[in-house]
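> If you want the building blocks of each chain, they are given just below.
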Amino acid sequence: MNEISIIPLGLVPEGKKVRIVSLRGGHHLQNRISEMGLREGIVVSIIKNSLGPVIIALENSRFALGRGMSMKILTEPIN
Amino acid sequence: MSVKTKKVKEMTLDDKRVIEVALAGNPNTGKSTLFNALTGLRQKIGNWPGVTVEKKEGKKRCDGFNLIITDLPGTYSLSAYSLDEKIARSFIIEGKLDVVVQIIDASNLERNLYLTTMLRELGANVVIALNMMDLLEESSSSIDVNKLSKEMGVPVVPMIASSRIGIDDLENTIESIYQKEQKPIRITYSKEIEEVLANVQEILMSIPSIPSDFDSRWLAIQIIQNDPEILTFLKNWNVNKTIIEKLLSFGREDYEAEIIDTKYEFITNVTSKALKRGEEKLTRSDLVDKVVTHKWLGIPIFLIVMWGAFQFVFAISVPFMELIDMLFGWLAGLLVDNINIGWLGSLLGDGIVGGLGAVLIFVPPIFAMFFILSVLEDSGYLARAAFVMDKIMVKFGLHGHSFIPMLLGFGCNVPAIMSTRSLKNNKDRMITILINPFMSCGARMPVFILFAGLFFGAAAGTVIFALYILGIVVAIFTAILLRKTFFKGKSAPFIMELPPYHTPKLRSATVAMWDKGKMYLKKAGTIILIGVMFVWFLAAMPFGGVEYGGPDTWLAAVGTFFEPIFRPLGFDWRIVVALIVGFVAKELVVGALGTIVGGGGSEEGIKDAILADEGFYPLNSLSLMVFTLLYVPCAAVIGVMRKETGSWRWTIFAVVYSTVIAWLFALVVFQLGSLMNLGL
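Top to bottom, those sequences are chains R and H.
Just so you know, our numbering puts 20 at position 20 of the first sequence, and the rest follows in order with no gaps.
In our numbering, each residue's number is its place in the second sequence (first place is 1) plus 1000.
Just so you know, the hints here were simulated from the structure itself, not pulled from any lab data.
Treat each hint with caution, since some may be false.
What the hints assert, rightly or not - Residues from chain R that keep clear of chain H, each with C-beta distances beyond 12 Å, as calculated: (1) Ile6; (2) Ile7; (3) Leu11; (4) Pro13; (5) Ile33; (6) Leu58; (7) Glu76.
Stated by the list, open to error - So the derived list for chain H, only partly shown, Cβ under 8 Å to chain R, looks like this: (8) Ser1079; (9) Tyr1081; (10) Glu1110; (11) Arg1111; (12) Glu1258; (13) Ile1260; (14) Lys1276; (15) Thr1293; (16) Phe1387.
As the list claims (entries may be wrong) - These stretches of chain R come out as covered by chain H in the derived footprint (C-beta under 8 Å, 3 or more residues): (17) 48 to 55; (18) 63 to 75.
All values reported here derive from a predicted model rather than from experimental measurement.
Beta carbons are placed, not taken as given, at the ideal position from N, Cα and C, and that holds for glycine.
Same shape as in the complex, but just chain R (with noise of 0.2 Å):
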């Protein structure tokens, strides 16, 4: 996996897909939103990302994610 492909979800461009590699945050936190379905391996599309939260769509599902929670989401592109 090459280091320099990997970016927070929060600056991946509307209409992207990609691939969640990690979970930063506390244990804790990474196991809530674990919980919720958002977890490495897992490929998500972005929406929507201007300003304020970031939409991702999972599965049939739409997620609003704060700037702060967004950065802590790394991903790699998907082809």
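The hints should help you fit chain H onto chain R, whose structure is shown.
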């Protein structure tokens, strides 16, 4: 746990079998739609024991058997970190349930199955209601129902709850499995974890006081994940202290993540066999969201929606208010003309009809407010409002999620404060609870409508709007203050599911309006009735010769005692009395004034009486409205704050703080107004 179940049972009792069912599921899977489809209007709403979270129960007569259905809170998991999860979990453990129906959004299979693995591990008898099959087809995905059922070891009923498709199937499936014991699924964890589990289980087996309905493997899994609730369980079972310590020492911080991962591996294995994914594409909701959550348009759209909501509330309620007013005026007239016993006529006319009429006239706008809030919630817009406001809320040390309870506060602060339980961070939750009373609830509207309407004519709407804004400003100011002092630290990361937009259903909005509005009617029939009678009593005492509500009555004595504190705000003893009884419920402010000034039960009568009275004029009515806006909403709010914060200290803080703030703001309004000599 099932305090209310008895009542529901009484209603269903015929000689048929009763099957107890709980309805579980993730948020936004159509759980309440299924619950309504199953039970119709035969529902009971109560509280879960010990907590103020709403508990819904319903019953259903089926062919040859009866169902009693409990709606569990929507959760992603059963890990007992939020109040919702704790409630759902302990109900499943202790509820003596026959069947747990888990409703699953078919288009989100993988994520939803996570809860299924937890339910199965817990040993529940599960039926999967595979909902939203229409959405699944739309996305050109497909699920092999038989394979899914086989892999998960539970029956699966495909359905479209909103069109009532699959309901009969579900009922029959429940009946067919309720006596069969399902084998708990066994997810095999890593070798290390399995060894630890075996050790823990061995110790658990040697403790005789553990009830037999607790599966030792499940308990062991919770223990090694440091589940915060297990300690309480163990203590309740009087387990020896050293044994507890030994058990807890097996817990490790990283086990939980590993266990979650293994569960997902199990699920991915299931879905790889049972689910065929179609193309992902933008939905209609995504397109709407591009506009509604747009960086520039978002906030203007939010303001327009809110403005429209308020317009709706007032426009729709005016004709009904006039009708109620006419009715009470007629009733009061009838009483005065036909009752010859002086004091009885006075009690009925001045006291009860006068006081209650003043309160009941506001049933229409309050019901309309609950209706529109429910429509906003059902449509999916409320979540977007939270999204849009996140940017602003972050500046005050909170985030978008805290905004939903604030909006709900416009209806009633009690359910609004309860809704904060979905906030994950305790400091965020405390701040959100403590600022909520400043959001002007429906019960304060009567005071505003009465006085703004009387003294501010065409500007009444603007005055009321400004009061709502003042409430928000004070709330925000308080939030900043609390964040900088007692609740230092960052707010929890913001993460919230955005449900797809729905066309709101008239029926569910009506049901929600009735459920919540009923509380107001009940209050009018009980606490407010007693309150106005009490005020009437004080206003008529001492017996014989005193003018009703006059300066020689007991009521005047109470008011006069406190008057000095309130004189700088422009209040005379009568307003002081109204505000004091307003501590119990804000509706009593108008009710008490109606009783004191008289006016023959009708709104018009009270208005005329107030207009003719020198003790009321524009400036002090403005400071009266400001005071009413800001001080403690009602006794019920004090109670719910105590329960939800778990602390008398913070509850008392909120009461004192808001009363001081109310006094200060009303003082500024009155003194500044007097100084500037506005001629008010």
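> The structure should be examined with respect to each hint, and the outcome stated for every one.
Verification of the supplied hints:
1. At roughly 20 Å, the least C-beta separation between R:Ile6 and chain H is larger than 12 Å, which holds for a residue marked as non-interface.
2. At roughly 18 Å from the closest C-beta of chain H, the C-beta of R:Ile7 stays outside 12 Å, upholding its exclusion from the interface.
3. Non-interface call for R:Leu11 relative to chain H: holds, since the shortest CB-CB distance, roughly 16 Å, exceeds 12 Å.
4. Distance check for R:Pro13 against chain H: the nearest CB is about 15 Å away, which clears 12 Å, and the non-interface claim stands.
5. R:Ile33, annotated as away from the interface, has a beta carbon of chain H within 12 Å; the closest lies near 6 Å.
6. Consistency note on R:Leu58: stated as away from chain H, yet its beta-carbon is not over 12 Å from all of that chain's, at 7 Å minimum.
7. Residue-level check passed: R:Glu76 sits 18 Å from the nearest beta carbon of chain H, beyond 12 Å.
8. For H:Ser1079, the suggested interface contact is upheld, since its CB lies about 7 Å from the closest CB of chain R, less than 8 Å.
9. For H:Tyr1081, the interface hint holds, the least distance from its beta-carbon to any beta-carbon of chain R being 7 Å, beneath 8 Å.
10. Checking H:Glu1110 against chain R: minimum C-beta separation of about 6 Å stays under 8 Å; hint holds.
11. For H:Arg1111, the interface hint holds, since its Cβ comes within 8 Å of a Cβ in chain R; the closest pair sits about 3 Å apart.
12. Taken as an interface hint, H:Glu1258 does not check out: its beta carbon lies about 10 Å from the nearest beta carbon of chain R, beyond 8 Å.
13. Hint on H:Ile1260 holds. Least Cβ distance to chain R is approximately 5 Å, under the 8 Å limit.
14. This hint is violated: H:Lys1276 has a C-beta 13 Å from the nearest C-beta of chain R, more than the 8 Å allowed.
15. Using the Cβ-Cβ criterion of 8 Å, the hint placing H:Thr1293 at the interface with chain R is satisfied: the shortest such distance is roughly 6 Å.
16. Evaluation of the H:Phe1387 hint against chain R yields a held restraint, the C-beta minimum of about 5 Å falling below 8 Å.
17. Interface restraint, the stretch 48 to 55 of chain R with chain H: holds (6 residues with C-beta to C-beta distance below 8 Å; minimum three).
18. A count of 8 residues in the stretch 63 to 75 of chain R with a Cβ less than 8 Å from any Cβ of chain H is obtained; the coverage claim is therefore met, three being the minimum.
Violated hints for the displayed structure, listed by number in ascending order: 5, 6, 12 and 14.
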